[in-house]
Amino acid sequence: KAGVTQTPRYLIKTRGQQVTLSCSPISGHRSVSWYQQTPGQGLQFLFEYFSETQRNKGNFPGRFSGRQFSNSRSEMNVSTLELGDSALYLCASRKRWGGTYNEQFFGPGTRLTVL
Amino acid sequence: EDQVTQSPEALRLQEGESSSLNCSYTVSGLRGLFWYRQDPGKGPEFLFTLYSAGEEKEKERLKATLTKKESFLHITAPKPEDSATYLCAVVDQTGANNLFFGTGTRLTVIP
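Going down the list, the sequences are from chains G and E. Count along the first sequence from 1, then add 15; that gives the number in our numbering. Count along the second sequence from 1, then add 310; that gives the number in our numbering.
Extracted from the complex, chain E is given alone in its bound form:
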């Protein structure tokens, strides 16, 4: 069965203090790894898709990377508006085609 583990569960950063969130996965053939951002009371907002080891994607202060066992979401010089829960999800090659989510990292950026 697919497993997705995100760490840490919660992270508090000072504004401008860069850090990384981790998503480690065990899947039977990775078809894609997805990062979402979720604000309280709202649906997840799509950030990135990564398909193969070595791939990197960037968007503003966020950069996602992928290896054969894990993905990192690097946050450079975060601002308070980056505070949210960041979710990692995978799709495997079984054909089920649905997203299998980790439990998320709750990020708080303090001004």
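Isolated chain G, as found in the complex:
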């Protein structure tokens, strides 16, 4: 079974630009979460989508947004990039949202560098 895939794997942008990252979950998984990982803050939760609806949101500014499609694939968008947005962006999928917690499986991440 294929794992979580993320595209692109690496991205370089300049301040003020916007970026869109893509995530395809494991087949059969309907929930997708996004995390930001930086050396200083570690792994921090951005948001989670299930059935095309945002279910939870972390403590990030509105410049960070996402969406989920009917096939469970998800995208996240960061507008007006800042230097501090440089990070590894990780996508994780699990079978469902709510109820007894089910394990999340992570993709390889997208390394975003903002110059």
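Treat the hints with care, since some could be wrong.
Said to hold, decoys possible - As a list, the in silico EDC-like pairs of lysine to aspartate or glutamate whose alpha-carbon atoms are at most 16 angstroms apart:
1. G/Lys-72 - E/Asp-402
2. G/Lys-28 - G/Glu-97
3. E/Lys-389 - E/Glu-325
4. E/Lys-367 - G/Glu-118
Think of the hints as simulated: they come from the structure by calculation, not from any bench.
Once you've looked at the hints, dock chain E against the given chain G.
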């Protein structure tokens, strides 16, 4: 607010030298504690889920245990390929349902 503290930050072991990593947590009702392994430049790889105090899980040279305040990841006779950052995360009962991570323990196993 949930808190997860991992210690030590970094650990160097000789091959075959067993040790333990610690994850202490403060959460409003634990729904699950998770251990992940992360290699440089890669996403975290799921290892274990523990749900209640007293629970233990094993996988090859790794054994995870859980008490009401902390979890241990015991590494028996480690090999160089066990070198990685080990992350601990919790999910609480607030309904937010997201993983709250510690900052990890960077393990290096020297041949």
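Going down the list of hints, with the structure as the test:
1. G/Lys-72 - E/Asp-402: Holds - the C-alpha atoms of E/Asp-402 and G/Lys-72 are around 15 angstroms apart, at most 16 angstroms.
2. G/Lys-28 - G/Glu-97: This hinted pair holds, its Cα atoms lying about 10 angstroms apart.
3. E/Lys-389 - E/Glu-325: Holds. E/Lys-389 to E/Glu-325 sits at ~5 angstroms (cutoff 16 angstroms).
4. E/Lys-367 - G/Glu-118: Holds - the C-alpha atoms of G/Glu-118 and E/Lys-367 are around 15 angstroms apart, at most 16 angstroms.
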